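Colleague: Hey, can you work out the whole structure from these sequences and the hints?
There are 2 protein chains.
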Amino acid sequence: MKVLLPALLSLTLALSAPGRADEGMWLLNAPPRERIKLDYGFELTDAWLERVMRAAVRFNNGGSGSFVSPEGLVITNHHIGADALQKLSTPQRDLVQQGYLARTRAEELPCADLELNVLLEIEDVTERVEAAVKPGTPSDQAAEARSAAMTALEKESADRTGLRSDIVTLYQGGAYHLYRFKKYTDVRLVMAPEQAIAFFGGDAHNFEYPRYNFDVCFFRVYENGKPAATPDFLPFNQAGPQAGELVFVVGNPGRTNRLDTVERLEHLRDLTLPYRLARVRHAEANLLQYAQLGPEQARQAQGELYSVANARKAYAGQFQGLLNDNIMSAKRAAQKSLQERFQRQLPEANLAFQEIARSQKALAAFEREYSLFEQANAFDSELFSIARHLVRLAAERRLPGHQRLREYRDTALESLELTLFSPAPIEPDLEKVRLADSLTFAAEVLGGDDPTLRKALGPLSPELRAAELVAGTRLVEVAERRRLAGLDADSLAREKDAMIRLALAVDGPSRALRKRMETEVEEPERRAYAQIARGMFALEGPTMAPDATFSLRLAYGRVGGYQVGGKEVPWFTTFGEAFQLAAEHQNAAPFQLPVRWLEGKERLNLRTPFDFVSTADTIGGNSGSPVINRAGQLVGINFDRNRYGLVRNFVYTDQQARHIAVHSKAVLEALDRLYGAQALLVELGQKQ
Amino acid sequence: MKVLLPALLSLTLALSAPGRADEGMWLLNAPPRERIKLDYGFELTDAWLERVMRAAVRFNNGGSGSFVSPEGLVITNHHIGADALQKLSTPQRDLVQQGYLARTRAEELPCADLELNVLLEIEDVTERVEAAVKPGTPSDQAAEARSAAMTALEKESADRTGLRSDIVTLYQGGAYHLYRFKKYTDVRLVMAPEQAIAFFGGDAHNFEYPRYNFDVCFFRVYENGKPAATPDFLPFNQAGPQAGELVFVVGNPGRTNRLDTVERLEHLRDLTLPYRLARVRHAEANLLQYAQLGPEQARQAQGELYSVANARKAYAGQFQGLLNDNIMSAKRAAQKSLQERFQRQLPEANLAFQEIARSQKALAAFEREYSLFEQANAFDSELFSIARHLVRLAAERRLPGHQRLREYRDTALESLELTLFSPAPIEPDLEKVRLADSLTFAAEVLGGDDPTLRKALGPLSPELRAAELVAGTRLVEVAERRRLAGLDADSLAREKDAMIRLALAVDGPSRALRKRMETEVEEPERRAYAQIARGMFALEGPTMAPDATFSLRLAYGRVGGYQVGGKEVPWFTTFGEAFQLAAEHQNAAPFQLPVRWLEGKERLNLRTPFDFVSTADTIGGNSGSPVINRAGQLVGINFDRNRYGLVRNFVYTDQQARHIAVHSKAVLEALDRLYGAQALLVELGQKQ
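Heads up: the sequence lines are chains U and Z, in that order. The first sequence begins at 1 in this note's numbering and counts up by one. The second sequence begins at 1 in this note's numbering and counts up by one.
All clues stand as given, with none of them false.
Since the list gives no way to pick out one identical chain from another, each pair is judged satisfied if it fits inside one copy or across any two copies.
Within a straight-line C-alpha distance of at most 27 Å, the following computed DSSO-like cross-link-like pairs (lysine-lysine) qualify: (1) K313 / K432; (2) K455 / K313; (3) K455 / K336; (4) K336 / K361; (5) K432 / K567; (6) K515 / K155.
To be clear, the hints were calculated from the coordinates, so they are not data collected in a lab. From a predicted model like this one, the values you see are computed outputs, not experimental measurements.
Modeller: Next up, the structure:
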């Protein structure tokens, strides 16, 4: 394994509850070798780690996967593949609902704008990023200098290696690592099951266990029109995991807050999460109402609907956790104890806590405006997103790379254009209701006289304005986007397109909010957390993984059930139980098995394990992560965690919290007996 | 017609747009005789009005209806009867979904806690209420004095007449009328159709038109175990209305805000409505998720789910209206013009506008806490509602009637006990999720450290606390409620019941919020609006009806369609179109016709008019109102208004806004051909 940073950098922050059993989403360049050896007697070798790292795949739209053949075959979750499935669907052919199987390579369907990344190298650039910011530099200049330094490092790396190069901020600003990826943009759909079995139990069973989900999907990456060679892959293990077995989950956990200070968590609890919950609930209600208009509307809305319902349930679980005083009291006690130790040995480090508390207050004054306008929560629309990119691209292109907004730096443009010029369909009616709803939400949050909102609405109500905007834009057409992308800022400013005009009208206030965020919140926080991290490292040495940042991590744990109210919840479910549950619900949605499953029941071994759980430490973003045994073989595909795992953003426990995975045996049995996917089984090494 | 107030009291407030065509929800003791005569050539006689008043029925739980036979037969909407239907249902027999037909009087099903009121007399008591408050009295004393005076007047009336006696506040405080009702509490279910046809189109078609709803339901009032004699009733008109015909809608519109000042409307737009929308959306999402768990959960949740979804759509329409600057600009211009006229002739009246603006500011400081704790939005639970009544009843009983909280005055106790000791089933699982959700909502609104909320939660998260509360109460049992209602306040305070303890714990802060509301907002507003009303009356005389207050009103209008985007929307729909729409949706919910309709299709005249529209001025609360022709016959049952009517809270227009009613012919045809309700048709005078 080529790891450019040899030393462990893992810092303990006692802000989190004391390190427990299998806690941690570990950096691949700083794995917990000793703990794993001590707890499980397993030696994590460089070779093992390197192969796994190169077999792991990041879905750039927010998920994980892995190579499972030497010919570029990728396995992930159906719910991670769903965005690509939706974009390949038409009113006549709904691949999300119906599934798909390419019988030959020629039938593998190219995906519109899917980008997969494979991590090849990690380099610690902490000192070079920190060196760009002299002590005592005012926040606004510091933020700019740091951003410029990061952009320069990335550009230098990309120019030199030809690899996608992204700096990952760790420990909330305590460290900076440069990740180099191989990038695949020719990705094709190989196989997807029906959503009814991938998401059996629907929202009711989401974040619950026992579960019965065939949440898998296969893609293949191509290079130069041919399947890519991927010699580092995870062979399927036919038997799957056993009770008590050590397993690893390798993937890209999205975001945790275990090292956040108490004041930061209180801010999350009292401001950020309530806002986010309101936003996703608003969008969910709106999409549900749209979906009710008919089957075609339901088809259009299904992807976004899954996504907001999933977010709603995740946020709701986090919120309950933060309202539970048992959790908050433990956090308070841990922070107090750390502060007392700092007070004795490193009193200056305690100033960082005040700084973070101060930045929460600063944030409270404009967080909602920032989310609504700069993060475009007020403009929930593909078309607006395109319009904003076009407007900003024209403006930013005039500047040198390191002075641009980060997403328009040279190294990011290729991925951006993949999205911007994507031929994926955009549904005007859905755009209209999403835009009407999000403008309405903004009015609920800010009142009807907010000047930026009024700029966006003109004299109209949100509903009337949304209709006017969607009728007045041609951004649905890719050719029109390309034409506009060719214009300079002055020419673009003279265009009449309603959505472009909206993006122009709100750009000034939005940029001002972003500047404020960077200067008043992000930069002070980064500096303060870096101070705390250095303090902890000085006191304790490396015992804790950094919080998740949608970058590659290694988690590990033990396969095993748990108790609820004195009753044992078994560590795996079976096909047979899924049929039983469907029968109990008269096979009505969301407990409706696809026809293929109902008709194929006789052919299946009903005792085949379906889904299983382990204690490994995961979070959203880990969806599609391979579950791997000691031999480096794939024994499962992670797809969820149970309700007890919803507080994992803040604390890890292994008492009842579990991640949930599809059992490798279930995949093979279903591919063979139900889907007739013989070529796939051959490629997976399971058939001749 | 016995009208104790002979003089017209109707005041114009030019705050509303200038009186248009058929605008107005008129008092029955101040009907717009001249306008109707002028516009329609119809003479509204005292006899006509008195019969209609005595034939109109108020559903105390929030709706309208009318007598349609001399033997106590009442017609209303299915969605008004639904609460009673739900309470009569069991897991084995879902009357809401399946409907019901009593073949004999013996089969008429007694409803658990349904109270119907029939208005007999109106008396103007403005002077006596105003006399209780001397000019210059501080707000807190004024509020108490006014409340005491109202209670005394009601008690005196009830004692003297034996009738339910309620004072209705009109013109936001400009007038007080005492309404005397005959009260029926032995109400029995006679006939209800299936919800699928009553609410055909579901939420998607709610507040839309064209519509195809058989939204009717029949009850019968009993006295001394026998059908009550109701000589004043509305005979069914078999032909129904004709295009262009003058019709009347008589019922109890719930609430409008046409006379509110601009500052009050801005407060509604920027604070009240966003809060309410968030609350109902929260509850709706929660109930939808509960309903998804299975058919029994769906059955339990259906009533509440309809109610919050309906509120969400109504609030959303109001919100869009207030965000439409065309509406707000008209309101601003009207208010400015009124203020200029006041300035010239009655400059002191202009102070009232400032007073109302001031009271909005005062309200903003505690409105959310008031809604959450005093209005119990944080405790969305039947069991909590019972607990609070028990706790407050014990405390209030110690005081003389006129010093009590208004809902515990002597004249209100009988109706209160009907609810308190209702044998209607309470579902503990549903209670748990509603309570968890509403406590969570409170935490989202107020943050996790709010002292009153923390008192309610203890150290637990909302979900855990809700489970503890429901497990720790015996208030599901009516006998236990009766036992607790017998205790004095001190004994009650020693009870261990978890819900009682919660109600005790939050009672102090809740009462304080109520006091603040009465003193800082309601009383100053009442006085200010009275001043404006008097000013207007002095300037203009009587040209405008008071805002709706869930008291009996007369609206009138013309039967007729309207145009949308240049296309004519016909004034009525037909049975045939409903079958066509169902077929287009593969008869899938919410466009699913009941089996009875599908199988009975051949027997029906498919050209029978189903629903129709008129320009009459209605709002929520008018549901179930009879639509009456000049001859005083029933030609329809109002059940909704279209989307253009959603802004009727603030402005009336007759351009596209319409109320929607079931056509009398549709009722007779369906009862005859589909429901085999021959006895009912005989009673309605349509068969021998």
